[in-house]
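Those protein sequences? They're chains A and B, same order as listed. Going by our numbering, the first sequence opens with residue 269, and the numbers climb by one from there. Going by our numbering, the second sequence opens with residue 3, and the numbers climb by one from there.
Everything labelled a hint here was simulated from the structure, so no lab data went into it. Among these hints, one or two may not hold up.
What the hints assert, rightly or not - In silico lysine-lysine, BS3-like type, Cα no more than 27 Å apart, as pairs:
id, chain 1, residue 1, chain 2, residue 2
1, B, 47, B, 167
2, B, 183, A, 281
3, A, 519, A, 355
4, A, 411, B, 47
5, A, 447, A, 281
6, A, 445, B, 192
7, B, 47, A, 290
8, A, 444, B, 11
9, A, 332, A, 519
10, B, 91, A, 411
11, A, 447, B, 183
12, B, 91, A, 539
13, A, 332, A, 348
As the list claims (entries may be wrong) - So, partial list: chain B residues that the calculated Cβ filter (under 8 Å) puts toward chain A:
id, residue
14, 42
15, 51
16, 54
17, 59
18, 63
19, 64
20, 65
21, 66
22, 85
All residues carry an ideal CB built from backbone N, CA and C; glycine is no exception.
The primary structure of each chain is shown beneath.
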Amino acid sequence: MGWRLFKWTFRLKSPLYIGFHKVMHFYRTRPYVPGKPLWGALTAKLTPLLGLDDYQKVGEFLKKVIRPGYLYPYIESNEKSELYYPKYTEKGLMFGLLSKYEFEKRFISSMASTAIEAQSLTAEDGMLHEVEFISHYTIDDGKPVFMSGFIWVREFSENDISLSIKDEVIITCLEKKVKFKDQLANRLQLGGERKYGFGLVELHKIVEIKDPKFNELPGEWKEENGEVCISLKRDDPIWAHVKHFENLKIKGDIELLVGREWDPGEGAGKKLEPLGLCWSPGSILLEDRKFIVDGLGIWREI
Amino acid sequence: MSENMYEIKKYYAITLDPIHIGTGGSRLGRVDLPIIREPGTNLPKIPGTSLSGTARAYTAIATNRYLWKDGDTEYSCAGRGGGEKHCGKVNPACPVCIPYGFSKGTGYSMQGLAQFFDAHILFFPVASMAGPVWVTSPMALEGLGLQQEFQAPAVGFYPLGELLKNKLNFGWLMLNKGTGKGNLNELDQKGIPKVVTQRAVLVSDNLFSLIVNSNLEVRTSVSIDPQTGTAEEGALFTYEAIPRGTILKFEIVYNSGKTFRIAEKELKTEGNGDVGISWVKTQVEKGLKLFETLGIGGMGTRGMGRLKVLNLEKEDC
Chain A
269 MGWRLFKWTF
279 RLKSPLYIGF
289 HKVMHFYRTR
299 PYVPGKPLWG
309 ALTAKLTPLL
319 GLDDYQKVGE
329 FLKKVIRPGY
339 LYPYIESNEK
349 SELYYPKYTE
359 KGLMFGLLSK
369 YEFEKRFISS
379 MASTAIEAQS
389 LTAEDGMLHE
399 VEFISHYTID
409 DGKPVFMSGF
419 IWVREFSEND
429 ISLSIKDEVI
439 ITCLEKKVKF
449 KDQLANRLQL
459 GGERKYGFGL
469 VELHKIVEIK
479 DPKFNELPGE
489 WKEENGEVCI
499 SLKRDDPIWA
509 HVKHFENLKI
519 KGDIELLVGR
529 EWDPGEGAGK
539 KLEPLGLCWS
549 PGSILLEDRK
559 FIVDGLGIWR
569 EI
Chain B
3 MSENMYEIKK
13 YYAITLDPIH
23 IGTGGSRLGR
33 VDLPIIREPG
43 TNLPKIPGTS
53 LSGTARAYTA
63 IATNRYLWKD
73 GDTEYSCAGR
83 GGGEKHCGKV
93 NPACPVCIPY
103 GFSKGTGYSM
113 QGLAQFFDAH
123 ILFFPVASMA
133 GPVWVTSPMA
143 LEGLGLQQEF
153 QAPAVGFYPL
163 GELLKNKLNF
173 GWLMLNKGTG
183 KGNLNELDQK
193 GIPKVVTQRA
203 VLVSDNLFSL
213 IVNSNLEVRT
223 SVSIDPQTGT
233 AEEGALFTYE
243 AIPRGTILKF
253 EIVYNSGKTF
263 RIAEKELKTE
273 GNGDVGISWV
283 KTQVEKGLKL
293 FETLGIGGMG
303 TRGMGRLKVL
313 NLEKEDC
């Protein structure tokens, strides 16, 4: 038995900006956290925790031992907790029970700022910009905002790094042991503008899910040939990006996913890495389908 | 291990002047130049960007890196550094570029080892019939590491200090003393003036936002026409600010530079020492120290902006 499923929920402690696209000088955020920023945040924190300076090695290791699901805004309540994942409907794009407009009114805000020109102490020309973010308190009623989703983890060992799951998940490198829950996931910084305090999340809960169904999200999963496979029914929304392939019957939105990667010659974020055309989360399947989840959380054709 | 890789330091600061961090726009029915607020709570704050940018400029002043020459090349390690203005030196590490990050037009860039979080209001001064009182709320006190839960009456106030009155006015609002829970004894060592904690009162989160927003400093200014010495037509404007005497709290995360390799070079200090947490903190605190002299935010030439950070590691850094 390889992969095991966990549900994790974080409390947002500061605004969260997940880079989407720019409209003039307005930087839009995604309303959810894709797998890649999660993988990036775990790599950035795990590498020094293991006492290493090889971020690429740890990143590649993580791609082998985790399959990150996306995180969605979540409101915890005694009456009815709600996960706000996207779904295209006849009324347009909905997040949970809220229309896109209502969702943005409740969760999304923005902040404008500019750079100061050091020599004159005046605003630097052309530097005014506005960054959109997911607020850490709901804008209408001031409730704390959580981000919730799923992650698969498996036992694996390669060279000097290994991951073991007994009573808890532990990553070991030579003599160093890192507890996944208490040391790695308890406090992460996700997305952009981290230097200015954005994206701070604190682990609220992490529980193992034994059921193949997800409950809050449609579909069920099982392991096949060492891969995490998710089955969805016709009319279900996909809840991660699905890499475009020829014979997929689906309706929704399609986007070109491009990531910034480490460039050995130029440094961080200097290499543009096209991940290709993907169907956006929320798109609706027109047939029953099964997908495999890759190391960055993108769903692919079986 | 994590203790050696990063440290979260919580800072407390008092506004010595009103502080104006503008939104860059106006709000109908309010002042012409409003200050930035937290969505959700509607409480004014100082964003991490404003703290970081200002601290960077002041560290550059304190370490003679504001405008400097290395051979024939002129650098300015303050500011955004678009192009090649930041020196980006890693050995020995630049005391500005390494803690705050640098971007060079070509070649390597670095995020910076200090992460700045927004400054939030902890105690807000309000004039009352019993003299000034400092208002706070359970949400404002959250995350301070005080091992107790604070509870405020839904309507009314709970004295955290030694106020004995049964009624208090918070600006235009009159409140009765109610039942609550909590005390501030463990906060005394953080440099917060005793008068603030002695005159502190706890109100509910809902009331806190209302009281703060009703008691912000609002100033009106006008341009004077130099030819007539009278007010210039259409030049009257109003602006708001966080008032003098407000206690703010903010966090900075200091990361160690030991695992970073910039252009495949290790970060080293003068004398080949490690770029550890303590070195990064010292450089940043040199900048924070100057907040109390040179100020932060806008309207600096009109008597606004000075902010004293109360718990710097070394007062003379």
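Consistency of the hints with the structure:
no.	hint	verdict
1	B/47 <-> B/167	30 Å, violated
2	B/183 <-> A/281	24 Å, holds
3	A/519 <-> A/355	11 Å, holds
4	A/411 <-> B/47	18 Å, holds
5	A/447 <-> A/281	22 Å, holds
6	A/445 <-> B/192	35 Å, violated
7	B/47 <-> A/290	26 Å, holds
8	A/444 <-> B/11	25 Å, holds
9	A/332 <-> A/519	31 Å, violated
10	B/91 <-> A/411	45 Å, violated
11	A/447 <-> B/183	36 Å, violated
12	B/91 <-> A/539	23 Å, holds
13	A/332 <-> A/348	36 Å, violated
14	42	3 Å, holds
15	51	5 Å, holds
16	54	6 Å, holds
17	59	6 Å, holds
18	63	10 Å, violated
19	64	14 Å, violated
20	65	14 Å, violated
21	66	14 Å, violated
22	85	12 Å, violated
Figure legend: structure checked against the earlier numbered hints; hints not met, in rising order: 1, 6, 9, 10, 11, 13, 18, 19, 20, 21 and 22.
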